[in-house]
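Assemble the whole structure, with the sequences as input and the hints as a guide.
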Amino acid sequence: MVKVFSPKTLTEALDIREKEAAMPFSGGTDLMVRYRAKNGLGPKMPASVMFVNALPELRGVRLTDDGTVEIGAAVPMAVLADDPGARAAYAESGAACADALAAVPSLLSAAAFSLGAPALRNRATLGGNTANASPAGDGLCALYALDARVILTSVRGKREVLIGEFVSGPGRTALAADEIITAFRVPAAGNEMDEKDSSWHYWRKVGTRRANALTKVSLAAFARMADGRVGSFAMAFGAVGPTVVRPLEAEAVFLGHSAGEILRDTDGMIRRASGVIKPLIKPIDDQRSTAKYRKTVALNLAGEAFGRFAAYLKGNEEC
Amino acid sequence: MSETVTLFVNGEEKTVRPESGMRRLLDVLRDDLGLTGTKEGCGEGECGACSVLLNGRLVNSCLVPVAQASGSEVLTLEGLRKSEAGRLLAECFTECHGAQCGFCTPGMMMASYALLKKNPKPSEQEIREGLAGNICRCTGYDAIINAVQMAAEKGRGLW
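Protein sequences, first through last, are from chains A and B. If you count by my numbering, then the first sequence holds residues 1 to 319, one letter each, in order. If you count by my numbering, then the second sequence holds residues 320 to 478, one letter each, in order.
Hints were generated in silico from the structure; no laboratory data involved. Please read all numbers here as calculations on a predicted model, not as lab measurements. We put the beta carbon where it would ideally sit given N, CA and C, even for glycine. Incorrect hints may appear among the rest.
Cβ pair distances, simulated, as ranges [to be verified]:
#, chain 1, residue 1, chain 2, residue 2, range
1, B, G390, A, R34, 33 to 39 Å
2, B, P439, A, A54, 25 to 31 Å
3, A, R34, B, R447, 25 to 31 Å
4, A, L41, B, E472, 39 to 45 Å
Pulled from the structure, derived: some chain B residues nowhere near chain A, Cβ distances all over 10 Å [to be verified]:
#, residue
5, F327
6, G330
7, G353
8, L354
9, G356
10, M469
11, R475
Here's what the structure looks like:
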C-alpha cells in the first residue's frame, strides 16, 4: 500500500519529497483519473503521494516589484478563472489580497475559465496542469504565451525555469526528484487605460463540448504595447505537437512595429506569419480528433487571432 | 494499521477508517456512511453525478481522496434536502419536470445550490455555466434551467 503524506508546511513537504520521493498531488483532477482503478476502489498510485494543495506557501498570489505577478502553484483554477464569488471568497480567506488577484493576466483567466466546469475548477490547479505537461493543457498553453517562469523549490533551494524549457515532452518535465512546483511568474495585468502600454490577448479552445472537454486544438496569444510599439507578441498552439508550439519567427513579424506600420501592411504581415506557422503545426490523429482537422482549425484560429490583433491596433490608433 | 479520518458530514462528525487515505470520498460516503444520494456516473469528473460540497465548494467526490478531505465539512444531497433551501430546490425540480430518470438529479441539485449560494440571481447563461459539469441524458436541460430559475425567484434571501 502506498504511503500518503499530508504536510502542513513547505519545509515539511520538501523534506518528505527528498526522503520519500513522494509524488506531489494537488487537486487530483488529472492523477485520480490517470490512476483510476475499478469503481468502488481508490486509485492505484504508482508511488507514495504527498498532498500539496493545502500548503499556504503554494496558495498565495502576490505582485512583485518588477511588474510580474507570482501565482502559487496550488491556487485553484476557479480563482484564476474568476468564477462567480471565487475570488472574493479567496481574498476573504486571507490566501491572497484582491489587488494581486486583479493582476492575474486576463489570458490566463480566460484559459482557466474554459477548463473543465465549476467543480473541476474548484480543485484543479496551475501546478498540476503544468506537471501533467499535456500538450492540450489549457493553463499550460496560456503560460507559454505569457512566457511564464516556473518556480521550483527543493531542500537545495529555489530555481526559476522558463515554461518552454520546463516542459520537455508529453508528460515529461524538468522537475527534479526532490523538487516541487511552488509558483509561476507572469506579467501582471497592466493599466489597460493607457493605450500605449496596454496588452491584448486571444484565447480559443476547440473541444467536443463547452465544459469538461479535453482540447482538440487551442490557441493562446498575448501582446503588450510599449511606447506605441509591439513590445511583445507571443502565440502558443495547444494539442498540435508533443508540446505546446510557439512559432517564434511568426511572432517576430510583428515585434517592434508601431500600430501604423502593421495596419499599413496587415495582409502582407499576416501572410508572412501564417507561412511560418503552417509547417510548425504537426498534429496527430487520436481518439479526440484527426490531424487534418486539427491542422485546418489551428490555421483558422491563427487567422482569427491576427484579425483580432489588427482590430485591436486599429482601436488603439483611433483612441 | 490504517489512520482514521474525521469528516463533518451534513453537520455530523463522522470518523472513518479507510484502508488507504486514497480511498475516494465518493466510496466513503456511499459504502462506509450509507449516503447513497451521491451517485457514481463516469468516475472521472466529467458527469457531475457525484457532486458534493466540500467546505462550501462544489467538487466531484470521485476525484477527492478521503485523506485530503480530513477535517472538512461535506454537504451531500441528504444534508441539503433537510434544509429549507434544499426542500425548495426539490420542489422546483419536481414542478418543472427537472428530474426524469433521476440519476443526475442529486448532482444537479448540489451544483444548483452551489451556484445560488454564490450568485442568487443568475442569468440563464450563468445557470448554464454553473451546471456545465453535470450531464443529464433525459431532460434536454431546459426543464432543469427552469427549475433553477424558479428556485432563484421563490427563494430570495434563502441562499
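Open item on the list: Name the hints, by number, that the structure is in violation of.
Closed with: Hint 1 alone not satisfied by this model.
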